[in-house]
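Take 0 as the starting number for the sequence shown in numbering that gives the first Met the number 0 and just add one per residue.
It is possible that some hints are incorrect.
[Unchecked claim] In silico PhoX-like pairs for lysine-lysine, Cα to Cα no more than 25 Å straight-line:
no., residue 1, residue 2
1, 46, 60
2, 37, 60
3, 60, 41
4, 46, 36
5, 37, 69
6, 30, 69
Hints were generated in silico from the structure; no laboratory data involved.
From a predicted model like this one, the values you see are computed outputs, not experimental measurements.
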Amino acid sequence: MKTTQLLATLALTFASAALADMPMADGEVRKIDLGAKKITLKHGEIKNLDMPPMTMVFQVKDPAMLQTVKVGDKVRFTVENANGAMTLLTLEPAGK
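Working from the sequences, and respecting the hints, build out all of it.
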């Protein structure tokens with residue numbers, strides 16, 4: 000039992016550290032698709048993915064994130080390439 004708790008704690012610690020090291024990107028919400036759990040962002044450079052500015056659709060890790068923004072909002076976000084799917088890990092209003 001203690002080994003399981005220790006492993007879970009270590010996993011959370013490393014996941015949090017990795018996310019903290021991930022650079023945030025800037026963008027503007029263009030479309031929100033609640034049913035598909037996707038968001039379209041016009042974004043600046045995404046440094047951790049070596050991606051230039053463009054407009055594209057992202058999946059979201061947590062669909063509740065889509066409830067925190069609306070079309071036209073300026074946002075900051077982190078994203079990863081999860082098995083070929085560009086997935087937002089965090090999403091927050093810009094200036095927060």
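Against the structure, the hints:
no. : hint    : in the structure
1   : 46 x 60 : 19 Å, holds
2   : 37 x 60 : 10 Å, holds
3   : 60 x 41 : 19 Å, holds
4   : 46 x 36 : 24 Å, holds
5   : 37 x 69 : 13 Å, holds
6   : 30 x 69 : 8 Å, holds
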